[in-house]
Amino acid sequence: MKTSAVRPPRWAARYGPPVLAFAAVLTGWEAYVRAMNVPAYILPSPSLVLETLFTDRATLFPALLVTLKTTFDALAAAIIGGVGLAILFTQWKWVERSFLPFAIVLQVTPIVAIAPLLLIYLEAPVAMLVCAFLVAFFPILSNTALGLASADPNLVDLFKLYRATRWQTLLHLRLASALPYFLGGLRIGGGLALIGAIVAELAAGNAGKGAGLAFRISEAGYRLNIPRMFAALALISLTGIAIFAALSALSSYLLGRWHDSAAGLER
Amino acid sequence: MPPMTRPLVSFQNAGKIYNNGTVALAGFDLDVRGSEFLTLLGPSGCGKSTILRLIAGLDNVSSGTLARGFALDHASIGFVFQDPTLMPWASVFDNVFLPLRLRGFARNKASPAVDDALALVGLASSGRAFPRELSGGMRMRASIARALVLRPLVLLMDEPFAALDEITRFKLNDDLLALQGELGTTIVFVTHSVFESVYLSTRIAVMAARGRAVAEIAIDAPSPRGMDFRTSSVYAHYCAQVSRALQRAMDGDLT
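Chains as they are written, first to last, in my numbering: chain B, 1 to 267; chain C, 1001 to 1255.
FYI, nobody ran anything at the bench for these hints, they're computed from the structure. Any given hint might turn out to be false.
[To be verified] Straight-line C-alpha distance at most 20 Å; calculated SDA-like pairs for lysine to any residue:
| # | chain 1 | residue 1 | chain 2 | residue 2 |
| --- | --- | --- | --- | --- |
| 1 | C | K1171 | C | E1159 |
| 2 | B | K69 | B | G205 |
| 3 | B | K160 | C | H1074 |
| 4 | B | K69 | B | Y181 |
| 5 | B | K93 | B | F138 |
| 6 | C | K1171 | C | D1094 |
| 7 | B | K160 | C | Q1082 |
| 8 | B | K69 | B | R257 |
| 9 | C | K1171 | C | S1223 |
| 10 | B | K160 | C | A1071 |
| 11 | B | K160 | C | N1060 |
| 12 | B | K160 | C | D1083 |
| 13 | B | K160 | C | D1094 |
| 14 | B | K160 | C | T1168 |
| 15 | B | K160 | C | G1057 |
| 16 | B | K160 | C | R1053 |
| 17 | B | K160 | C | P1088 |
| 18 | B | K93 | B | A76 |
| 19 | C | K1171 | C | L1120 |
| 20 | B | K160 | C | S1049 |
[Unchecked claim] For the chain C half of the interface with chain B, some residues (derived, Cβ under 10 Å), not all of them:
| # | residue |
| --- | --- |
| 21 | I1077 |
| 22 | A1090 |
| 23 | S1091 |
| 24 | D1220 |
Small disclaimer: the values here were computed from a predicted structure and weren't measured. Heads up, the beta-carbon is just placed ideally off N, CA and C, and yes, glycines get one too.
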């Protein structure tokens, strides 16, 4: 007897399970709150959080833009600084020996401990930018440096054989070899930049026009406006997911035809 | 008697000790003559790959001399590694274009030479493919095309077909011999295979540990070679002779 298995479309197989799992959690949460009559100041239902997102949009979305600006400015600075320093590390070992300890010190010191100090020395917006930069910088630096040093030794020999200059080797071999590593670091750094921005905003406690999402969470907490806290948290989570998804898409686009990691993403 | 021509490469009492103290070569003597197909055959660790690296200028001898009958520049040596060693992020065309790009050639100016090299190895229609889209044999062809694109004087090949299946290996053996016949390139080839060495070579240097030469065997067989040669008694005789020499190399018997 012949049997033909009906396979779901590729997009359904890829996105179906996480979407269904997410929907199941939200439904369970909503049902629990309604069934148990849980007050909104204890645990708001997902529908109330959604409603608050809409009704408080005039407060929340400008705050989101402030947080996003800090996040992306810090990420851009981390890319420039991390890649630049990684290149210097691989070109001159003494630079690595001299500056890597500083990078490690900044990485292992908790950002919540550094933030108050930065807020004393710097203007609040600059201090927040520096906090977000510090946490995003190290994964980009370390991954890119690893990638630059991981070029295929046979290809390195081949470049030597053809009398390639140091810059030709960097441009045509090492930077391309480092791309998958850099993109891995960027995905981590993107999420960390957002976390750094939030932590810095909490430490700064800036009110007014320049207030970010973290301040709105603190403010809502003081006022026991729990639905707004959840709404702000949801915005932060969605932003983090969007950053990760965008960087994953970029990675897939840049590596799709040649690197196993991107081929794995497509499976 | 034909006049003696100066060898292309000459090792005289050459030694190579790596920084970690490993003695790769000691008292090694070998001449590589123009247009020959010389195979270095021997057990692992006998210094075959070191010899190729020394010829290519990727390493220097620690003692003795290594003389080359040519100036070591961009175009004098082609190198094919055991792995195809292609840049996975670049198309086959761009991989073959690499030696020309490093010499400062513009892409459009180099295009005819790249196309010629691809055609030589039977990859004329695969220039736009990426290495991961090719079979193992096609990747190795691309690697050979890259090594030949500058028409080098000497082609160094370090166990290039070791990872390939027998059928692909036979085909590439034939194609390599045809290429050498067409271009006249001197080839120094490293392999562990007695059968491959006899089929391809005009001369085989059988080596023992630290590059000690156990035997040099000239393969006096006509070209082009094909299935007739592979199945002939002459081929079987040479294989037996080389196998015995290899056994002596493995036993450490230098007599």
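Agreement of K1171 (chain C) and L1120 (chain C) with the hint, judged by alpha carbon distance not exceeding 20 Å: holds (14 Å)
When the least beta-carbon distance from S1091 (chain C) to chain B is tested against 10 Å, hint result: holds (9 Å)
Hinted pair K160 (chain B) and D1083 (chain C), Cα distance within 20 Å: holds (17 Å)
I1077 (chain C) as an interface hint toward chain B, with CB separation required under 10 Å: holds (6 Å)
K160 (chain B) paired with R1053 (chain C) [C-alpha distance capped at 20 Å]: Roughly 11 Å between the alpha carbons, so the hint for K160 (chain B) and R1053 (chain C) holds.
Interface hint for D1220 (chain C), Cβ within 10 Å of any Cβ on chain B: violated (33 Å)
20 Å limit on alpha-carbon distance, applied to hinted pair K93 (chain B) and A76 (chain B): violated (25 Å)
Proposed proximity, G205 (chain B) with K69 (chain B) (alpha carbon, max 20 Å): Holds, because 17 Å separates the two Cα atoms, which is no more than 20 Å.
Hinted pair K160 (chain B) and Q1082 (chain C), Cα distance within 20 Å: The given pair, whose Cα atoms are some 17 Å apart, holds under the 20 Å limit.
Pair hint outcome, K93 (chain B) versus F138 (chain B) [Cα-Cα no greater than 20 Å]: holds (18 Å)
20 Å limit on alpha-carbon distance, applied to hinted pair K160 (chain B) and D1094 (chain C): Holds - the C-alpha atoms of D1094 (chain C) and K160 (chain B) are around 18 Å apart, at most 20 Å.
Interface hint compliance - A1090 (chain C) to chain B, C-beta minimum distance less than 10 Å: holds (8 Å)
Checked against the numbered hints listed earlier, the structure breaks hints 4, 6, 8, 14, 18 and 24; every other hint is satisfied.
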